[in-house]
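All chains, full assembly: derive it from the sequences and hints.
Residue numbers (the numbering used here), protein chains in the order written: chain A, 1 to 501; chain B, 1 to 183; chain C, 1 to 324.
Among the clues, some could well be false.
Stated by the list, open to error - Straight-line Cα separation of at most 25 Å, DMTMM-like style, residue types lysine to aspartate or glutamate; simulated pairs:
{"hint": "1", "chain 1": "C", "residue 1": "K284", "chain 2": "C", "residue 2": "E270"}
{"hint": "2", "chain 1": "C", "residue 1": "K155", "chain 2": "B", "residue 2": "D38"}
{"hint": "3", "chain 1": "A", "residue 1": "K291", "chain 2": "B", "residue 2": "D38"}
{"hint": "4", "chain 1": "B", "residue 1": "K105", "chain 2": "A", "residue 2": "D427"}
{"hint": "5", "chain 1": "C", "residue 1": "K225", "chain 2": "C", "residue 2": "D149"}
{"hint": "6", "chain 1": "A", "residue 1": "K245", "chain 2": "A", "residue 2": "D188"}
As the list claims (entries may be wrong) - Some chain C residues near chain A, calculated using beta-carbon distances under 10 Å:
{"hint": "7", "residue": "V76"}
{"hint": "8", "residue": "S82"}
{"hint": "9", "residue": "V85"}
{"hint": "10", "residue": "Q298"}
I should point out that these hints are in silico values taken from the structure, not numbers from a laboratory. Note that this is a predicted model, so its numbers are computed, not measured. Glycine residues also receive a C-beta, built at the ideal position from the N, C-alpha and C atoms.
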Amino acid sequence: MWENLMLGFSTALTVENLLWCFVGVLVGTVIGLMPGLGSTTGVAILIPLTLGMEPVTALIMLAGIYYGAQYGGTITSVLISTPGEAASVVTTLDGYQMARNGRAGAALAIAAIGSFIAAIISLALLMALAPPFAQFALNFGPVENLAIMILGLITVVSFAGGSMRKGLMMAAAGLLISTVGVASGFSDARFTFGNVNLLGGIPFVEVMIGLFALGEVLHQIRVGAAAPIKARFKDMVISRKELTKSGPSIIRGSFIGFLLGCLPGAGSTLASFMSYGIEKRLSKNKENFGKGAIEGVASPESANNAAANANFVPTLALGIPGGGTTAVLLGAFTIYGLQPGPLLFEQQPTLVWGLLVSFFIGNVMLLVLNLPLAPVFAQMLRIPYAYLYPIIVLTSLIGAYSVSNNMFSVWLVVIFGIIGFFMKELDLPIAPLVLGLVLGPLFEKSLVQTSALGQGNFGILFQSPIAVSILIFALLLAVGPTIIGGIRRSQRNKSKGLTHV
Amino acid sequence: MTSTITGANLRKAVASLIIAFIGVAAVIGGFGYGFIEDGRIAAGFLPVLVGGAMALFALLDVVGSLRNSEKESTLLETVHIEAAETLEPVAEPESDLDIYGRSGKQRDRMLLMVIGIILATVLLVPVLGFVVAFALMLVVIAVVVERRRLLPSILVSAIALAAAYGIFVLFLRVPLPTGILGI
Amino acid sequence: MFNRKLQLTGLLATGALALSACGSASQAGEAADGSFEPTGDVTMTVPFGAGGGSDLSGRAIASGLEEITGVNINTVNREGGSGAVGYSQFLAEQGNGNHLLATETAMLALPITQDVEFTYESFTPIMKLGDDYTVVTVAPDSPFESCSDVVEAAKDGRVIAAVSGATSLDEIVFTLIEQETGVEFDRVPFESGSEVVTGLLGGQVDVISVNPGEVLGQLEAGSLKPLCAVAEERYEYEALADIPTAAEQGIDVAFAQFRGLIAPGGISEEAKQYWIDAAKEFEKSEAYTTYIEENLMQANASYGDDFVTYLEGNNADLTAVLGE
Numbered sequence: 001m002w003e004n005l006m007l008g009f010s011t012a013l014t015v016e017n018l019l020w021c022f023v024g025v026l027v028g029t030v031i032g033l034m035p036g037l038g039s040t041t042g043v044a045i046l047i048p049l050t051l052g053m054e055p056v057t058a059l060i061m062l063a064g065i066y067y068g069a070q071y072g073g074t075i076t077s078v079l080i081s082t083p084g085e086a087a088s089v090v091t092t093l094d095g096y097q098m099a100r101n102g103r104a105g106a107a108l109a110i111a112a113i114g115s116f117i118a119a120i121i122s123l124a125l126l127m128a129l130a131p132p133f134a135q136f137a138l139n140f141g142p143v144e145n146l147a148i149m150i151l152g153l154i155t156v157v158s159f160a161g162g163s164m165r166k167g168l169m170m171a172a173a174g175l176l177i178s179t180v181g182v183a184s185g186f187s188d189a190r191f192t193f194g195n196v197n198l199l200g201g202i203p204f205v206e207v208m209i210g211l212f213a214l215g216e217v218l219h220q221i222r223v224g225a226a227a228p229i230k231a232r233f234k235d236m237v238i239s240r241k242e243l244t245k246s247g248p249s250i251i252r253g254s255f256i257g258f259l260l261g262c263l264p265g266a267g268s269t270l271a272s273f274m275s276y277g278i279e280k281r282l283s284k285n286k287e288n289f290g291k292g293a294i295e296g297v298a299s300p301e302s303a304n305n306a307a308a309n310a311n312f313v314p315t316l317a318l319g320i321p322g323g324g325t326t327a328v329l330l331g332a333f334t335i336y337g338l339q340p341g342p343l344l345f346e347q348q349p350t351l352v353w354g355l356l357v358s359f360f361i362g363n364v365m366l367l368v369l370n371l372p373l374a375p376v377f378a379q380m381l382r383i384p385y386a387y388l389y390p391i392i393v394l395t396s397l398i399g400a401y402s403v404s405n406n407m408f409s410v411w412l413v414v415i416f417g418i419i420g421f422f423m424k425e426l427d428l429p430i431a432p433l434v435l436g437l438v439l440g441p442l443f444e445k446s447l448v449q450t451s452a453l454g455q456g457n458f459g460i461l462f463q464s465p466i467a468v469s470i471l472i473f474a475l476l477l478a479v480g481p482t483i484i485g486g487i488r489r490s491q492r493n494k495s496k497g498l499t500h501v
Numbered sequence: 001m002t003s004t005i006t007g008a009n010l011r012k013a014v015a016s017l018i019i020a021f022i023g024v025a026a027v028i029g030g031f032g033y034g035f036i037e038d039g040r041i042a043a044g045f046l047p048v049l050v051g052g053a054m055a056l057f058a059l060l061d062v063v064g065s066l067r068n069s070e071k072e073s074t075l076l077e078t079v080h081i082e083a084a085e086t087l088e089p090v091a092e093p094e095s096d097l098d099i100y101g102r103s104g105k106q107r108d109r110m111l112l113m114v115i116g117i118i119l120a121t122v123l124l125v126p127v128l129g130f131v132v133a134f135a136l137m138l139v140v141i142a143v144v145v146e147r148r149r150l151l152p153s154i155l156v157s158a159i160a161l162a163a164a165y166g167i168f169v170l171f172l173r174v175p176l177p178t179g180i181l182g183i
Numbered sequence: 001m002f003n004r005k006l007q008l009t010g011l012l013a014t015g016a017l018a019l020s021a022c023g024s025a026s027q028a029g030e031a032a033d034g035s036f037e038p039t040g041d042v043t044m045t046v047p048f049g050a051g052g053g054s055d056l057s058g059r060a061i062a063s064g065l066e067e068i069t070g071v072n073i074n075t076v077n078r079e080g081g082s083g084a085v086g087y088s089q090f091l092a093e094q095g096n097g098n099h100l101l102a103t104e105t106a107m108l109a110l111p112i113t114q115d116v117e118f119t120y121e122s123f124t125p126i127m128k129l130g131d132d133y134t135v136v137t138v139a140p141d142s143p144f145e146s147c148s149d150v151v152e153a154a155k156d157g158r159v160i161a162a163v164s165g166a167t168s169l170d171e172i173v174f175t176l177i178e179q180e181t182g183v184e185f186d187r188v189p190f191e192s193g194s195e196v197v198t199g200l201l202g203g204q205v206d207v208i209s210v211n212p213g214e215v216l217g218q219l220e221a222g223s224l225k226p227l228c229a230v231a232e233e234r235y236e237y238e239a240l241a242d243i244p245t246a247a248e249q250g251i252d253v254a255f256a257q258f259r260g261l262i263a264p265g266g267i268s269e270e271a272k273q274y275w276i277d278a279a280k281e282f283e284k285s286e287a288y289t290t291y292i293e294e295n296l297m298q299a300n301a302s303y304g305d306d307f308v309t310y311l312e313g314n315n316a317d318l319t320a321v322l323g324e
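Written as structure tokens, this is what we have:
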């Protein structure tokens with residue numbers, strides 16, 4: 001294995017490859033800064049640029065774009081509360097609050113550091129354990145996926161804080177929105193009201209741009225222009241205390257991300273939501289979450305990066321794409337004349353190990369690039385909002401159009417922008433809605449498949465040991481704290497009673 | 001103590017009531033698509049399930065926010081903090097002036113104007129083309145809503161638009177819709 | 001799937017167009033003999049998601065036609081409803097000679113099984129690229145050694161087949177086998193070829209029927225076991241030549257999915273001819289051969305009215321299978 005690793009490093013560490021990796025990271029970051037353009041679109045659009053290169057160089061550059069775009073999305077999540085993809089929705093919760101407290105630089109730095117550590121951990125796991133993990137992931141059929149979806153939806157409970165019913169209401173709303181259109185396996189067009197554009201459903205990218213970017217702009221206009229956030233440069237740099245506080249969160253986030261990322265589908269999104277929920281449960285100062293807790297940025301950012309790497313487990317070991325971006329990269333493999341499949345490790349060692357090492361290199365680049373740049377990006381908040389918001393509106397709507405070259409997407413963003421404004425006015429949480437919308441199609445698919453496998457009987461859910469374990473975990477996450485709190489209270493009362501006696 | 005219902009709570013209760021109605025409508029619509037067919041889940045299963053759940057939680061919310069309105073108003077601060085999504089820590093009192101000295105009413109008017117301008121812009125895209133429509137939007141927001149001087153507004157708008165054009169059209173080759181002017 | 005040189009030239013051409021910004025607008029429309037010429041960019045709709053068989057054919061046709069016509073062709077994926085979304089939106093492009101769609105069997109299957117507003121007669125067929133058959137495949141540790149084993153097992157017990165959509169090719173193939181042999185398979189719906197393969201490898205389903213081009217890597221590695229090809233004759237490709245046909249195993253079923261190119265209905269005769277001519281050039285190109293070979297398809301190109309005749313026959317067959 002070490003030989004392979006050396007082979008990878010010797011491939012990746014040439015001047016030419018380093019240069020293209022740098023270009024990829026930089027271009028990727030710019031793309032990630034644009035609303036609507038995530039890593040999947042970024043890689044897909046830029047594949048043609050790599051056609052003249054050596055396959056390894058091309059893949060290294062594409063990996064750079066992948067990570068760069070994710071990081072670009074993190075920057076906008078933190079600075080203007082506009083996530084680039086569903087996996088960075090969670091980052092807006094505490095990242096944006098940190099920015100409002102003048103700590104944008106620290107939030108961006110911990111995201112880069114967290115991603116870097118997650119990349120190292122997941123790279124090690126990927127190299128050592130890709131085949132067994134891939135085999136493990138194959139055990140996740142419809143039944144187990146249904147359990148995972150239930151677990152994912154239950155994490156909403158830990159987001160809602162005091163107003164659990166509002167969180168659940170919005171998660172249900174997200175699920176309901178996801179049922180619009182023709183679901184595969186059925187032939188009925190649901191809730192389309194005769195509109196052809198709605199047949200394909202309401203895509204979450206447009207909803208996300210609307211609710212977050214446009215909704216926040218309208219909300220800020222209503223609240224009134226605040227003074228630009230003036231922060232001293234010193235405050236922009238991350239402190240040692242924040243680093244030590246984030247350490248365990250980063251490690252936990254990385255492992256959660258890797259595990260969920262091995263499963264095809266919404267792994268990255270689920271991983272970020274779940275790691276945030278778990279951090280909040282474990283944290284001693286829960287009340288800080290949602291108000292700028294650095295663990296609330298460190299953990300989901302590590303998780304979504306680890307999940308992005310883990311997406312390559314089924315891709316490399318089984319030849320099955322693990323996520324949107326890996327599917328596009330698999331397409332790129334075929335352009336370079338490579339046949340993706342289980343034999344790739346044997347037939348193309350230089351390429352596979354070069355690619356694996358390039359994940360590492362890409363993250364080093366991001367770290368080197370962004371630690372000094374984070375405070376600089378944070379200076380963007382000094383721009384008076386009156387100048388900033390028309391530009392946010394412009395890029396949001398162009399970004400929406402470019403998702404599928406369709407004016408309908410632009411209308412969706414405008415409509416959901418107005419909805420987002422009212423949700424903010426009425427204290428309705430947005431993150432659960434996005435989670436419901438992303439999980440909805442997967443939830444429905446696993447429901448339908450489970451129903452077909454069990455011939456209408458959902459009892460088969462309890463015949464799978466994996467599914468049962470997941471459901472027990474979900475139950476603990478949902479009611480555990482209440483029960484533990486209740487036990488503690490009754491114990492306290494008991495001891496009180498005893499002293500009275 | 002007598003329980004008084006605050007305006008904000010009433011608004012929230014009405015909003016949740018509307019959401020509950022949408023949920024009930026989804027349940028009715030969902031049954032139209034078929035709930036269970038041949039012992040297996042049909043197209044209406046999920047809409048019925050989540051529409052029902054949404055209506056249930058929304059009704060709980062209506063009851064909760066009306067009943068707790070008194071409690072909530074004394075605990076206003078904690079409730080606001082607990083709603084993790086509330087990005088402003090505590091909403092400013094309505095009459096507060098912002099840094100440009102604009103009152104709440106003025107800001108409400110600005111908000112309506114911005115929404116109107118955005119809607120008009122999107123409607124004008126098929127006629128004027130994407131670039132022209134959005135150039136107009138940037139300038140109109142700067143000059144009319146934010147009351148900035150014409151020349152700097154045009155300059156800032158031009159730079160922003162050129163940057164967006166460079167990235168989306170020249171670099172990413174997004175075919176933005178063109179209008180009667182051919183651009 | 002893609003010819004690298006071809007793609008690069010396409011890229012350079014479009015890059016040059018983009019750099020000159022409005023150059024493309026002035027170039028279009030000037031046809032030497034006054035006949036049809038696309039104005040501005042052309043859109044190629046793929047009614048399925050990125051990475052699937054339809055997507056590959058759509059992108060291969062787009063880059064081939066780009067090189068031949070010098071026009072920029074943007075490929076967009078309009079997935080949903082087993083293709084219903086893409087075709088329905090394409091229906092609204094009536095009379096637009098600047099729009100194309102990468103078609104396959106769903107164009108016929110959807111109107112038969114679902115309440116959609118189009119039939120194949122709503123569109124202008126341009127080119128049929130070729131035929132894509134499927135191979136019935138199981139996991140390597142499966143007790144089944146032939147398709148007749150599968151049918152025998154289904155007579156006495158439950159055999160779970162994965163299908164990738166309500167009107168997909170694998171659904172049609174399994175229905176044909178059921179009608180031929182009188183057995184019944186239990187279906188679990190998935191959403192794409194790769195999901196179906198995942199379900200098979202994970203042991204959630206017993207048998208699948210896939211386009212060999214999608215699983216060549218797994219077949220070569222021995223992580224999938226092919227049972228029979230649902231085709232009239234054995235494959236000529238070396239990797240697949242050993243797979244017997246279904247008929248050899250006593251199940252007289254063969255069904256191919258066609259892949260092709262259509263334009264919206266109601267376009268001018270000149271526009272139709274323009275695209276047919278371009279498509280004929282495409283068939284002669286190396287890109288076409290590469291595409292057919294890499295996807296293990298049978299090259300059976302036909303154009304315009306011949307394609308319509310083929311569709312009529314295929315539609316009658318499908319109605320017999322799917323219509324109730």
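Hint by hint, here is what the structure shows:
Proximity of K284 of chain C to E270 of chain C is assessed by CA-CA distance (about 22 Å); at most 25 Å being required, the pair is judged to hold. For the proposed pair K155 of chain C and D38 of chain B, the alpha carbon gap of about 21 Å is at most 25 Å, so the pair holds. This hinted pair does not check out: K291 of chain A and D38 of chain B have alpha carbons roughly 50 Å apart, beyond 25 Å. Among the hinted pairs, K105 of chain B with D427 of chain A is consistent with the structure: their alpha-carbon atoms are about 21 Å apart, no more than 25 Å.
For a cut-off of 25 Å, the pair hint linking K225 of chain C to D149 of chain C stands: about 13 Å separates their Cα positions. Annotation: proposed proximity of K245 of chain A to D188 of chain A is violated, straight-line Cα distance about 51 Å (limit 25 Å). Interface hint at V76 of chain C: satisfied, since its Cβ lies 6 Å from the closest Cβ of chain A, which is below the 10 Å cut-off. Taking 10 Å as the C-beta cut-off, the interface hint given for S82 of chain C holds, the closest approach to chain A being about 6 Å.
Residue-level restraint check for V85 of chain C holds (minimum Cβ-Cβ distance to chain A is 4 Å; threshold 10 Å). With 10 Å as the threshold, the beta carbon of Q298 of chain C stays out of range of chain A, its nearest partner Cβ sitting at about 20 Å, so the hint is violated.
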